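Based on the sequences and whatever the hints tell you, model everything.
Quick mapping for you: the protein sequence lines, in order, are chains D and E. The first sequence begins at 27 in my numbering and counts up by one. The second sequence begins at 1261 in my numbering and counts up by one.
Please note: incorrect hints may appear among the correct ones.
[Unchecked claim] Listed below are the simulated DSS-like cross-link pairs for lysine-lysine, each with C-alpha atoms no more than 27 Å apart in a straight line:
| id | chain 1 | residue 1 | chain 2 | residue 2 |
| --- | --- | --- | --- | --- |
| 1 | E | K1433 | E | K1478 |
| 2 | E | K1526 | E | K1409 |
| 3 | E | K1396 | E | K1372 |
| 4 | E | K1372 | D | K67 |
| 5 | E | K1433 | E | K1473 |
| 6 | E | K1539 | E | K1409 |
| 7 | D | K107 | E | K1478 |
| 8 | E | K1437 | D | K31 |
| 9 | D | K67 | E | K1433 |
| 10 | E | K1437 | E | K1396 |
| 11 | E | K1494 | E | K1409 |
| 12 | E | K1396 | E | K1420 |
| 13 | E | K1396 | E | K1481 |
| 14 | D | K61 | E | K1396 |
| 15 | E | K1478 | E | K1492 |
| 16 | D | K107 | E | K1466 |
| 17 | E | K1466 | E | K1577 |
| 18 | E | K1582 | E | K1294 |
| 19 | E | K1372 | D | K61 |
| 20 | E | K1433 | D | K61 |
| 21 | D | K104 | E | K1294 |
| 22 | E | K1372 | D | K47 |
| 23 | E | K1396 | D | K31 |
| 24 | E | K1478 | E | K1420 |
| 25 | E | K1396 | D | K67 |
| 26 | D | K32 | E | K1294 |
| 27 | D | K54 | E | K1433 |
| 28 | D | K29 | E | K1577 |
| 29 | E | K1466 | E | K1372 |
| 30 | E | K1372 | D | K56 |
| 31 | D | K104 | D | K31 |
| 32 | E | K1478 | D | K108 |
| 33 | D | K107 | E | K1507 |
Rather than coming from a laboratory, the hints here were simulated on the basis of the structure. These numbers were taken from a predicted model, which means no experiment stands behind them.
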Amino acid sequence: MEKEKKLMNAVHMDDLDGLLKRINMLDKFKSGEVKCKFCRKVVTYESIYSVLPDSGTYHLIDDSVDCVSSMLEYIDGKNMKKLRE
Amino acid sequence: MISIPSFLLGGFSIGALFTLLAFYYATNPHKLEKAIAVVMWLASTVWRQGEKIAIKNEVQGKINSFVSNLEANSDIEYARVSIRFANQDSTDLAYEDGAAIIVMRDRGHRNKNFVYAAHFFASSTLLSRTKNHLSKTLNQSITLYTTKKIIEEESVQALKQYMSDYFVPLLEKGELKEIIGKYEHIDQKGLYLPVLLQELSYIGQKIYIDTPKEEIIKEVKLLIEYLERYSKRKVGDSTSQDTFLGKYTRCTIKVVSSQASREQGKTSMHVERITNAIKQSVENIYLLGHVLKENKNFMETVCSQVLEKHPNIVRMKADTVKGRIFSRELRMRRVDTYFIHLQNPEAIRPIILEEEVRQITE
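Structure below.
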């Protein structure tokens, strides 16, 4: 029997520019104007961990342990809210 | 005498081998993913697009291999991971709110890719239902420790990266240090995945109250303390509490490994201890004993006598788990433990309404 599968969205670094262009963030990202949702530090090609779709907009997340933890907690909170609704 | 032409024999052998391989990979899809990854890493040296296929299959194969091993010690079915890469121009962009898109890097960052994905998977998929009932510290510590388990089973190199990038920095913050120390003791005994993680999964499956309850959090902490105390017990110590009777979870661990009773074939004492647990409405009974053949047979005899005496009890799983024990002189030894999980379905009560919590409490 086929096991349940949970989708994990990913983007390869080679395609990151395409994704950022699509969400109108590429120019700002390249000019160092995009900050992490949580730590407010500038996100770069070296430090980017994730692109987070959130309430019709997109945030970039830094790969520091605090920002990754904050993002996971933020997603948990969102999921919990969805469950309650 | 009929001679079979060698080309036919060769054809048959290749056909048989192919069928065998197809059967093997169909029953172990994570191994197929790992095999595809190896081939695609090679192909990616001349075909750039092959790298994405390699990353996808390597990460999926490793995580799904862990999930498959986890299920071998559990009756719970956990979801597998499937990675979806955004296409080159992201024209497939239709991401759900809160569904993070993880950035994966090239072949120079294979460990990093695996660490990112394993950590995200442990947080978002394993225990996703239980997490709603737990505190931030419990959720964070379980994610952190379970990720360590996934990575250490699959890649020693990635483990170093995970420990330095995530585990140690979070541990140094202090509040997780104490609870992670408890998991470490539980895990040394081989009880972290097959007992603690499983009991937490059961909590998520049977509690439907959607608001976090202080009582559940308190009880999970007590469960962890009970398992830690149990894990620290020395060989032959029969004074440690072997049963946990909570409102949301009720389990017991029975060691069936006494050399004297085994040699004399005395099963009645063990059957009686298990019977007492059943009378106490314990949901899950975990039998542990030495993996030695004579002891495994003895445990199986005890188990069949229990099942005969209590036809309502269900034998869920039996497997070997790796663990360590402490002698009376406090010397630690590595031992493999034979593990049988029995379940008492009549004792399981789904908790849907708050008044049901009160009924159990009263």
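* Asked: Which numbered hints are broken by the structure, listed smallest first?
  -> The structure breaks hints 2, 6, 8, 21, 24, 27, 29; every other hint is satisfied.
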